[in-house]
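Those sequence lines, one after another, are chains D and V. Throughout the first sequence, residue numbering follows the numbering used here, covering 219 to 487 in sequence. Throughout the second sequence, residue numbering follows the numbering used here, covering 219 to 487 in sequence.
Since the hints were made in silico from the structure, they are not lab data. Do not rely on the hints blindly, as some may be mistaken.
Identical copies look the same in the list; a pair holds intra-copy or inter-copy alike.
[Claimed, not checked] The calculated SDA-like cross-link candidates involving lysine to any residue, where the alpha carbons are at most 20 angstroms apart (straight line), are:
#1 K281 / R297
#2 K430 / P420
#3 K321 / Q402
#4 K281 / E482
#5 K281 / R406
Number of protein chains: 2
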Amino acid sequence: MRTRKTPNSQHPVSPAEARSLIRAGEWTGNTAGVAPGYAQANLAILPGELAFDFLLFCQRNPKPCPVLEGLEPGTWETRIAARGADIRTDLPAYNVYEKGRLKATVGDITGQWQDHFVTFLIGCSDSFEEALLRANVPVRHIEEGRNVPMYITNIPCVPAGVFRGPMVVSMRPVPHRLVTRAVQITGRYAQVHGAPVHIGEPQAIGIRDIAKPDFGDAVSILPGETPLFWACGVTPQAVAMEVKPDICITHAPGHMFITDLLNEGLAGS
Amino acid sequence: MRTRKTPNSQHPVSPAEARSLIRAGEWTGNTAGVAPGYAQANLAILPGELAFDFLLFCQRNPKPCPVLEGLEPGTWETRIAARGADIRTDLPAYNVYEKGRLKATVGDITGQWQDHFVTFLIGCSDSFEEALLRANVPVRHIEEGRNVPMYITNIPCVPAGVFRGPMVVSMRPVPHRLVTRAVQITGRYAQVHGAPVHIGEPQAIGIRDIAKPDFGDAVSILPGETPLFWACGVTPQAVAMEVKPDICITHAPGHMFITDLLNEGLAGS
């Protein structure tokens with residue numbers, strides 16, 4: 219009888235092994251902590267007629283929308299973010315939206331695939347959180363076992379074609395004496411959101427109640443800490459959904475695409 | 219009688235003034251030194267059916283293809299690189315190519331414009347040359363009054379759709395003791411080619427004879443100098459021409475689009 223490793227922090231697997239387990243249906247859970255050291259990506263699949271506008275939106279808004287790989291129309295095989303992965307089967311769970319409404323959460327989208335689909339893999343702040351932790355900058359939502367809190371701001375993205383909308387940010391509280399360090403560390407990771415877009419007062423970017431995030435979970439902000447806000451990869455998904463495309467497929471929250479890209483490789487040279 | 223300023227180093231004009239003179243047909247010369255401090259951009263206009271592949275090519279090859287602005291299909295008015303410029307009239311000279319062959323050099327392309335055209339403005343190394351000069355790093359081709367020498371290398375670009383081809387580089391010789399400084403200075407300008415792609419031995423990147431550039435002019439390399447090679451914005455034009463599009467319009471060499479973007483604004487934060 220063949221036994222296979224189950225990915226967890228005791229038994230880390232390579233990205234290729236993780237994708238193979240997922241493709242075989244042997245790993246359907248969320249991908250946090252799977253293949254540590256490697257970047258995980260948000261997924262957005264759109265109808266072909268929206269592809270140019272969406273890529274242009276990402277080009278104009280690189281902080282919230284860092285494209286790790288865009289695929290040619292109709293293509294499901296990745297070449298840059300991972301060698302030979304199949305975008306239709308290699309994520310543990312997908313959300314399928316029609317006209318902006320969630321229709322199904324599925325483990326594979328081979329049946330839904332259409333020839334004109336265009337796929338985008340978008341960077342994620344998980345990549346710089348590893349670097350923060352290595353530098354002893356605390357990451358509160360990890361400490362508290364929650365999802366990162368995310369907020370819709372009053373910062374407008376630069377529109378492109380049919381796409382427009384506000385920037386979504388993630389928030390991490392940082393002790394005063396470590397704020398500069400956190401800026402410097404994350405600023406190195408220009409391909410995964412980079413330095414914060416705002417430091418301090420939440421009201422200044424249109425956040426009324428820091429205890430009530432629009433997505434994710436609230437986390438504690440301790441005395442002597444400043445909230446830091448980073449552009450968030452949920453932005454392009456939120457903006458795409460506003461357009462109510464006939465069909466749009468994303469990863470299910472927490473069930474990301476595991477790339478072959480080292481997080482360290484996403485730091486600027 | 220109304221008199222108008224003629225742009226030159228004694229009488230610098232603003233980017234908006236320069237574009238207005240050009241639009242009125244009162245400035246048809248090359249744009250070197252016009253509106254100092256402001257970025258100038260390469261122009262590429264392609265048929266709509268090539269737009270997504272071309273933007274994807276630029277996304278995959280950001281060092282040779284730094285997009286300062288991509289315009290929505292059919293749009294001629296810029297919004298990001300310059301406020302309210304008209305891409306059909308605001309460059310002093312355009313090259314019109316059909317099936318990859320130069321058909322005409324014209325002062326305005328209003329007559330050639332088609333509704334499906336998609337326009338890309340691509341960053342240029344002129345932007346970082348100002349910074350090199352400010353730091354007393356010599357820029358040989360400026361000293362010698364020549365065009366920067368450019369070479370086709372054996373470094374492949376990452377293909378995208380129909381677009382593929384080698385990287386074109388520009389070369390500047392730098393005294394040994396200033397090589398690190400030149401790397402650090404240009405590395406700050408990630409939006410305009412960034413740090414060199416190669417330092418030293420030309421043969422290592424497929425350049426057989428440094429005295430015979432593929433484009434531009436040869437320049438002197440003095441004893442005690444190292445040749446530094448930067449990714450060059452001619453790359454996307456060369457790659458686009460290989461596809462022999464039905465029609466493709468570029469700026470005429472040296473006759474660039476003058477943006478409202480400060481060169482300093484193209485340095486990373």
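Just pull the numbers of the violated hints for me, sorted ascending. 3
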